[in-house]
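Asker: Using the sequences and the hints given, assemble the complete structure.
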Amino acid sequence: MTQLLVTTTENIPGHPYEVIGEVFGLTTQSKNLVRNIGAGLKGLVGGEIKDYTKMLEESRDVAVNRLRDNASAMGADAVVMILGKRFLAWWQLFV
Numbered sequence: 006m007t008q009l010l011v012t013t014t015e016n017i018p019g020h021p022y023e024v025i026g027e028v029f030g031l032t033t034q035s036k037n038l039v040r041n042i043g044a045g046l047k048g049l050v051g052g053e054i055k056d057y058t059k060m061l062e063e064s065r066d067v068a069v070n071r072l073r074d075n076a077s078a079m080g081a082d083a084v085v086m087i088l089g090k091r092f093l094a095w096w097q098l099f100v
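If you're matching positions, the sequence shown starts at 6 in our numbering and goes up one per residue.
Since the hints were made in silico from the structure, they are not lab data.
Ideal Cβ placement from N, Cα and C applies to all residues, glycine included.
Heads up, a few of these hints could be off.
Unchecked claim - Here are the in silico distance ranges between beta carbons for each label pair:
(1) V24 / G89: 46 to 54 angstroms
(2) G19 / V39: 48 to 56 angstroms
(3) D82 / N37: 15 to 23 angstroms
(4) I25 / G51: 22 to 30 angstroms
(5) M79 / T14: 40 to 48 angstroms
(6) E15 / S77: 14 to 22 angstroms
Answerer: As C-alpha cells, this is what we get:
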C-alpha cells in the first residue's frame, strides 16, 4: 500500500480533490523527573536541550502517523493543509 500523502499546501497540482472532513493526529509525551531536572539546569545556562529535541521529533512522528491512520479510516487518500502545533509546558521542568 502506498503511504498516504500529507502536505502543508492547499492544492496538489494536477490532483483535484474533495474535502471529506477534518482529521487529527495527537500525542502527549513527557520525560522522567531526572531528565526534567537536567533540562531545567540546561535551560539556566542556555543551549539546546537534546532530550526535548528528540522527544519533539518522536512526538511529531507519532502524531503524523496517527493523522495518516485517521485519514485513511475516513477513506482519504491524502491530507492537505496540515497544520503542526507543538507545545512545551515549562512547568514540567519543575514537577
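Asker: If a hint holds in the structure, say so; if it does not, say that too.
Answerer: Status of the hints after comparison with the structure:
1. Judged by the Cβ atoms, the range 46 to 54 angstroms given for V24 and G89 is violated: they are separated by roughly 19 angstroms.
2. Taking the beta carbon of each, G19 and V39 are about 52 angstroms apart, inside 48 to 56 angstroms as hinted.
3. Separation of D82 from N37 is about 40 angstroms and departs from the stated range, judged on CB atoms against 15 to 23 angstroms.
4. Between I25 and G51 the beta carbon distance is about 46 angstroms. The supplied range of 22 to 30 angstroms is therefore violated.
5. In this structure the hint that M79 and T14 lie 40 to 48 angstroms apart at CB is violated, the actual value being about 20 angstroms.
6. Restraint check, E15 to S77: a C-beta distance of roughly 21 angstroms satisfies the suggested window 14 to 22 angstroms.
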